[in-house]
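Those protein sequence lines, which keep their order, are chains H and A.
Quick note on numbering: my numbering labels position 203 of the first sequence as 204, and the sequence is numbered without any gaps.
Quick note on numbering: my numbering labels position 111 of the second sequence as 179, and the sequence is numbered without any gaps.
Watch out, some of these pointers could steer you wrong.
Only some residues are given here: those of chain A computed to face chain H with a beta carbon under 10 angstroms [what the hints assert, rightly or not]:
(1) Asn127
(2) Asp133
(3) Asp153
(4) Phe165
(5) Asn171
(6) Leu184
(7) Pro185
(8) Leu186
(9) Arg189
(10) Leu263
(11) His267
(12) Lys289
Simulated from the structure, these hints should not be mistaken for lab results.
Since the structure is predicted, the reported quantities are computational estimates derived from the model, not experimental observations.
Here a beta-carbon is modelled for each residue, glycine too, at the ideal position from N, C-alpha and C.
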Amino acid sequence: MSLRVEQSLSQLLHEALVSLRTLGKRSVLALLGIVIGSSSVVALINIGHNAAVDAAMIFKDMGTDTLVAQFPPKGNSNTPMRASLDLEAVRRSVPGIAHIGALSVFGGPIVFHGRTTNANFVGTTADIKDAMRLVVRDGRFLSSFDASETYGVIGDQVAQALSTPGDPLKLGDRIRINDYLFLVVGILHNQPRAMLMPVQANESLFIPAEGMRRIFPTPQIGNVIIRAAPGENMERIAHDAASALKSQLTDHDVDIQVPQQMIDGMTRQSRTFAYLLLALGAISLVGGGVGVMNVMLMNVSERRREIGIRMALGARQRDIRNLFLLEAVTLTAVGALCGAVLGMTAAWLYAWLSGWAFALAAGALPLGVGSTLLVGLFFGIYPAVAASRLQPVEALRDE
Amino acid sequence: MMTDTPAQPGLICLQGIGKSYQLAGQHLSILNDVCLSIDRGDSCGILGASGSGKSTLLNILGLLDLPNCGQYHFAGHDIFNASPDDLAAIRNQQIGFVFQSFNLLPRLSALDNVALPLSYRGVSRHESLEQALCMLEQVGLAERAHHRPADLSGGQRQRLAIARALVGKPSVILADEPTGNLDSTTAQEIMDLLLALNHDQQVTLIIVTHDAHIAERLERKILVRNGAVHEAGRL
């Protein structure tokens, strides 16, 4: 019968802006829940992403083809661990081992030109270079001919700590540990932290295992690092290597961790954390949604007369519904934006505190803001429909 | 706007209209068997004591309330068969309301208040503001366009309300005690404005009032008494 067109976009936007400007303090409080909810969703996705990136970094350097063996004492035995193991025998009996090396670690100060720093002294063999994926920047790594020499290969951070701008630590320099001078034959490249490794190469000085007795009377093997050839079954190698090592030990057990199991464990852990955050986000979003609904219901009852006037002027039910729905969504949109900023800040702070690199997760903002807007829409529908169902004459009636 | 001219002679045609409420378990009859016909260009006063049902009659005439029985044709549309959206469309295009308490939206500027009815027609904001400003000029409020209703005097507010009622070029203006909240001089101005519109633009004017002086200036006087309607001077 009549030509009716939808309200034009410019009109709708103008209405939303006017309402946004006149929203009271009450709505700020209602927004709090929305902000918390939206920020925890954004933070959750981003922290989860950063945790995954960080875990990926650890295993990129360590690789899932590396096994670390530990030797916990059997029962109450306090017999010290042996100072050497026949690793060649292990290599022979377990096919698929590419590199194998033992570490005996002892900590203490290193002195160079009067400067002192603390480092791990790692007594080891030549093959550890490939087992631990060490990269030499200058010089060479230890070789099997160095067994009786006072040679050392120094980690990047230790080298930095012993250097000054005018007097850098160079190849051929001698560093002092206790009363022994060690010749620096190699300087390692900066190695990323390898979480599963018992020692950090950056903070270590690698010396021949046989020479450990010079600085420490009773050296013990702490770990054996095994690197498998590509495409091997890690579980089998771990099992076989454990039994081969056990045959050489009397008072100690062999405990080999398979990286994949640890990755799985870490994933489980971070998933639990993510679920926890998700639950927090969902609860505060629902709480915030109820707050928005409350504000909108009060808004509708306060503006009954306005609704009546608008209806008298020709607003249809859907115009009234859209008006209040748009207000609810505008309100939540403000909350969602604040939440996005807050959530990103929280994720950044968390990454900073955990020492992770901060990376923006692609899904964090769209998902966080989108779910918040959906909540606003969901909880805005009831008040908006209630407003649109008012009869014009009732809405206009003086209270 | 008045494209669908009705076949019936009267713009407004009520027959056997009745309205009753259930209030606290009591059956309350407000209007009984009201028959009324109003033509295009008429000016009518609806008079009656408080509680006589004149406001209910105005609400029914203005499609704000639906009668319980009878027949009502507005500009050819059968009100009983119209959907709420149709009623909203008729209100928007055919009826301009002027209320005793002005009923302006306090949060909107004068200009936006006047432009509001146009927004429910899908007119773009720019265009509706132009038309609204034009209408404000007609009622002499152009320099107040950006003031809020609260910053205006009573007479100015009512002129603003009239501008809003007129912006959609309605065929009927329904005014409920339009001068009830104004002093006599301002009331005089408002009545002059309404009558001028009726006279110059052939806008049908229906005014609810209890003021005999106002009624005197209108062509027809419809008396509402105990839910029944009589027309004075037309027997």
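- Message: Going through the numbered hints above, which ones does this structure break? Give me the numbers in ascending order.
- Response: Result: hints 10, 11, 12 break, sorted rising.
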